[in-house]
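*Asks:* These are the residues of each chain, in order.
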Amino acid sequence: MADDPQRNFRSAYYEKVGFRGVEEKKSLEILLKDNPLDIEKLSTFSQRFPLPSMYRIHVWKVLLGILPPHSDSHALVGGYRREQYENILEALEAMRFINSSTPTTEVYLRMFQLESQVLPRRSEIPPMEEEDEDFLSISRAMEEIIVDPMDCYWLIKCFYNQFNTKFGDSLPHLPKSLEHYLSQEEPRLLNHLKSTGALAQLPYDPWFNRCFAGTLPESSLQRVWDKVISGSCKILVFVGLEILLSYKISLMGMNRPEVVKFLCNIPQENTDAIVTKAIDLWHKYCGTPMHSV
Amino acid sequence: FLEDVKCQAKSELQACESRYQAQLRVTQTLQTELLQLYSRVEMESCNNKLDNQPLCPPQ
Amino acid sequence: FLEDVKCQAKSELQACESRYQAQLRVTQTLQTELLQLYSRVEMESCNNKLDNQPLCPPQ
Chain A
103 MADDPQRNFR
113 SAYYEKVGFR
123 GVEEKKSLEI
133 LLKDNPLDIE
143 KLSTFSQRFP
153 LPSMYRIHVW
163 KVLLGILPPH
173 SDSHALVGGY
183 RREQYENILE
193 ALEAMRFINS
203 STPTTEVYLR
213 MFQLESQVLP
223 RRSEIPPMEE
233 EDEDFLSISR
243 AMEEIIVDPM
253 DCYWLIKCFY
263 NQFNTKFGDS
273 LPHLPKSLEH
283 YLSQEEPRLL
293 NHLKSTGALA
303 QLPYDPWFNR
313 CFAGTLPESS
323 LQRVWDKVIS
333 GSCKILVFVG
343 LEILLSYKIS
353 LMGMNRPEVV
363 KFLCNIPQEN
373 TDAIVTKAID
383 LWHKYCGTPM
393 HSV
Chain B
22 FLEDVKCQAK
32 SELQACESRY
42 QAQLRVTQTL
52 QTELLQLYSR
62 VEMESCNNKL
72 DNQPLCPPQ
Chain C
22 FLEDVKCQAK
32 SELQACESRY
42 QAQLRVTQTL
52 QTELLQLYSR
62 VEMESCNNKL
72 DNQPLCPPQ
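Residue numbers (this note's numbering), protein chains in the order written: chain A, 103 to 395; chain B, 22 to 80; chain C, 22 to 80.
Incorrect hints may have been included.
[To be verified] Short derived list, chain B residues pointing at chain C, Cβ under 8 Å:
#1 23
#2 25
#3 26
#4 27
#5 28
#6 30
#7 44
#8 45
#9 55
#10 56
#11 64
#12 67
I should point out that these hints are in silico values taken from the structure, not numbers from a laboratory.
Small disclaimer: the values here were computed from a predicted structure and weren't measured.
Glycine residues also receive a C-beta, built at the ideal position from the N, C-alpha and C atoms.
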């Protein structure tokens, strides 16, 4: 099949005109027909290729354990998930913790707090903490990607939990890692950031703790989250690195406050290209997972 | 194949268990809220009695 | 033997289901109680305002 010249020509053509995903989409469709689904293969696929948008939510749900590997259990488990979601929502309404005018992201936060047994007393709700803000940022981004509120809540909750459980210990090391790769790619920029004192004040929290929620527009963000959900937090370092590299000329001419201000609010036009280059750079330094797909 | 069946059953049970655990937390939260509300109601009705005493002596 | 495993899985799932149903009934009862208590509190605080109005004019 690989020798079929017509097919190769077609792939090359698609590649040129931007339909690079045609072959990938077919191999993903084959993986999704497996019963039970092979989680490892799905992760590898998602590490290597961008997920076609029509399958993204389904693959995320499987990788995050919201849906089990056996497709014939999906209806049963999906029903359990819906009831769990509805019951929690109903209880919060009964307690008047939320009402119809509560912003949905805050609803998701209260639901998550109830499930994690850290819901504050209604009479003395404290101001939001940093962790709450991380959760809310991720919620706001997820809400732009996922239409159905039930799916949205489950994806936020499981993404947030999985990310912190799996990578919580690695997060403090990411700034050092960024510094390391920057010294490889652009030592002059690193020196500039060091000498102005900006390096210590890069927006590490929105970049790493929030996985770029609030920094990148959702269309670019979801391609980064494909990698995070399928098992890599290193990708975050390369997205940060590529942001620095893409704006190095401007950054070289800025002092510390200007750098910080610029990076906290980067232009939203080039982000697709930044993510593409970041993924290439990540594959270059960390290798491409080579399981048979 | 047997492993497969066990595995499927396990994931279904886990999802069912998660729904049950969530419901358990809902119950606990509701109970706490009710408790607080009851003590508030009692305190208020007690305060009201005290407030009203000099103004409205029992008939 | 396979039938055996399936049978066991089914009964475990049923047990989980019935625990959940019991918890659900508890939750519903608590929510109803909460609703009644809230309306009582609101009625009282409304009555208090009315009661107090003629007695305690604003300073």
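*Asks:* Give me the numbers of the hints this structure contradicts, sorted from smallest to largest.
*Replies:* When the structure is compared with the hints, numbers 2, 5, 10, 11 and 12 turn out to be violated.
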